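Fit chain to chain and form the complex, with the hints in mind.
Note that the protein sequences, when read in sequence, are chains A and B. Note that the working numbering has the first sequence beginning at 1, numbered continuously upward. Note that the working numbering has the second sequence beginning at 1001, numbered continuously upward.
Hints were generated in silico from the structure; no laboratory data involved. A quick note: this is a predicted structure, and the numbers were derived from the prediction, not measured. We put the CB at the ideal spot given by N, CA and C, even for glycine. Please note that a few of the clues may not be correct.
[Claimed, not checked] Chain B regions said to be covered by chain A (calculated; three or more residues, Cβ under 8 angstroms):
id, segment
1, 1003-1009
2, 1053-1066
[As the list claims (entries may be wrong)] Simulated pairs of lysine to aspartate or glutamate, DMTMM-like, Cα-Cα distance not exceeding 20 angstroms:
id, chain 1, residue 1, chain 2, residue 2
3, A, K25, A, D153
4, B, K1039, A, E11
5, B, K1021, A, E69
6, B, K1051, B, E1071
7, B, K1021, A, E85
8, B, K1009, A, D27
9, B, K1009, A, E8
10, A, K164, A, E85
11, B, K1051, A, D40
12, A, K164, B, E1020
13, A, K100, A, E85
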Amino acid sequence: MTDLKTIERLETRLTHLIESQLTRKKDQIDFLLGLNRIDDLLVDHERGRGVTSDVAGFLAEYRSRLRSETMTAAQRRRLGDFLSELFQRLRDSRDGDSAKLADEIKEWISSLGEGGFRLILKKPQEQAPLADRFQACLRWETEEMVALAAMHDHLLSCLDDVLKSAEVKVDPMYRHLAASMIYFLQMEGYKVDPYLKRLRRIQTET
Amino acid sequence: MAMITGEEKAYCRGLTALKEKNYAAADKEFDVCGAAYGKSGGFQIMAVATKLLARLQQEKTMILKTAHAIEEAVSHGKETVVCRQGEQEETR
Chain A
1 MTDLKTIERL ETRLTHLIES QLTRKKDQID FLLGLNRIDD LLVDHERGRG
51 VTSDVAGFLA EYRSRLRSET MTAAQRRRLG DFLSELFQRL RDSRDGDSAK
101 LADEIKEWIS SLGEGGFRLI LKKPQEQAPL ADRFQACLRW ETEEMVALAA
151 MHDHLLSCLD DVLKSAEVKV DPMYRHLAAS MIYFLQMEGY KVDPYLKRLR
201 RIQTET
Chain B
1001 MAMITGEEKA YCRGLTALKE KNYAAADKEF DVCGAAYGKS GGFQIMAVAT
1051 KLLARLQQEK TMILKTAHAI EEAVSHGKET VVCRQGEQEE TR
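Just chain B, with the same shape it has in the complex (with noise of 0.2 angstroms):
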């Protein structure tokens, strides 16, 4: 019989990802504990300030590759139309 509770847990695993930099897992792990945690000023700090820095660095991620596929394109030789993740992708 576990001593302490999922909840618990998942606020552990979400420390420990946050120790480690892993923000989106950290984010994932709070949106578990929230419930229990949630009324706490410190938690919501924590949780909110983590949740926007998993948003940004995938914006990041996605701005990084928007400008590496600019790259190419030109290097190619061809006017490329980059568009967002999810959309296609139009070569003239």
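Just chain A, same shape as in the assembly (with noise of 0.2 angstroms):
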């Protein structure tokens, strides 16, 4: 039986440290999981199937959970692009239940603050001179830096990360973020090949 002992002192401690990890990591997990939620949900809905109830089910066990606070401004925002994503899908279904729902996700989004809801159409404004516009764009660029610096430990985790929002957001910074750190990856001597493909594709299907 010491084995069995031994065994069991090793798998409590593990489970302790998986624990506590979980347990550290847990806004990070449950917007994770908030945003897989979101993506079951809008591929059910593709394929035909009634996703009213589900949506129900996950705004009561999410919408407490992914608050405003608790997120990077990067969170915010690719929330923000999920479940605007889902707003449109349940406006369209043009049922009671789905107006009612929908109508809760659009104050979700705008509880996530500024930029968060992408379907407000704005007033034209006056362009701001073009030094300006590109300073602004690379304040926004270290911002979404720091926040994937927080999600990821190495630079082209980070720009698998960018890609994949270029891929699905219409905001073309995204594209220049990638664009220049696939430019600073080959400087430092890494193969980018298959990320510049992945650019050019997403160029040329926005």
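Have a look at this one:
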């Protein structure tokens, strides 16, 4: 039974290690699992399955968990994009329950703060000078990089994340950031061909 | 069209399995997304700990099964050489 006791001791310690990691990363994990749930709902909806009750379940479970103050700016933006997509699908469904849920989602998107809701039409603005716009773009990219670096250990993983965002978002800033990262990696001697191909494909598709 | 990748989905499934303490399932999912997340120190620790836990639980089950088989053999009054799974059990 000595082996068994040793195994059980080790098991307890490892379980404790994993549980402490799950607790420490709770907000990040909740965020990822929330996105995954929305993604499942979108896929189900696309396949013609009724998702109304699942959306209601999702809102009941995640609305209080994914609060604006526990997320980074990049996370708020990404969640806003996912919720906007879900909102559009529900809005197009035209039944009473879906309309109610769509309203709730719209409220949630608004609570995420500036830049959360992608469907609001903005009135035309006067264009700032090109140099100012470029500086604003660099500031935004710096902010995005800080958020990405907190989630990933390597620049290649950050780049992969940015390319995924560029694939699903209209915002050209993601493409600019991806191009900038690819160029930097190339200067550092990394093989960037697959990433460059992905960016070119995104460029032609959008 | 899915908005997140297969690796991200595997990572999420792995985390869910981990929360449910299903270490064997979590281990399989982390193997799938390892290439995408493997460079993150936090992920590596979690994945290795999960793999080890899955193996330990397997080993524990085997030890308990063996102990149970010995008890059964003794209570039936036969001398039984109990072997590990996959080997043939020999009764004299």
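task: Would you mind confirming whether the straight-line C-alpha gap from K1051 (chain B) to E1071 (chain B) stays at or under 20 angstroms?
output: Violated, at about 31 angstroms.
- prompt: Given the hint that K164 (chain A) pairs with E85 (chain A), does the C-alpha gap stay at or below 20 angstroms?
  reply: holds, 16 angstroms
query: Is the hinted pair K1009 (chain B) and E8 (chain A) satisfied, with a Cα-Cα distance of at most 20 angstroms?
result: Status violated; Cα separation ~31 angstroms.
message: Taking 8 angstroms as the Cβ threshold, is the statement that the segment 1003-1009 of chain B is covered by chain A upheld or broken by the three-residue rule?
response: holds (count 5)
task: Sort out whether E69 (chain A) lies within 20 angstroms of K1021 (chain B), counting only the CA atoms.
output: violated, 29 angstroms
field: 20 angstroms Cα cutoff - pair K164 (chain A), E1020 (chain B)
entry: Status violated; Cα separation ~29 angstroms.
message: Verify this for me: three or more residues of the segment 1053-1066 of chain B with a beta carbon less than 8 angstroms from a beta carbon of chain A.
response: holds (count 7)
query: For the pair supplied as a hint, K25 (chain A) and D153 (chain A), is the alpha-carbon distance within the 20 angstroms limit?
result: Judged against 20 angstroms, a Cα distance of about 15 angstroms means the pair holds.
query: Are the Cα atoms of K100 (chain A) and E85 (chain A) separated by 20 angstroms or less?
result: Holds - the C-alpha atoms of E85 (chain A) and K100 (chain A) are around 16 angstroms apart, at most 20 angstroms.
query: Is the straight-line distance between the alpha-carbon of K1009 (chain B) and that of D27 (chain A) 20 angstroms or less?
result: holds, 17 angstroms
message: Would the hint linking K1051 (chain B) and D40 (chain A) be met if the CA-CA limit is 20 angstroms?
response: violated, 27 angstroms
- prompt: K1039 (chain B) and E11 (chain A): Cα distance at most 20 angstroms?
  reply: Answer violated: K1039 (chain B) to E11 (chain A) is near 25 angstroms, above 20 angstroms.
The structure is inconsistent with the numbered hints 4, 5, 6, 7, 9, 11, 12, although it conforms to all the rest.
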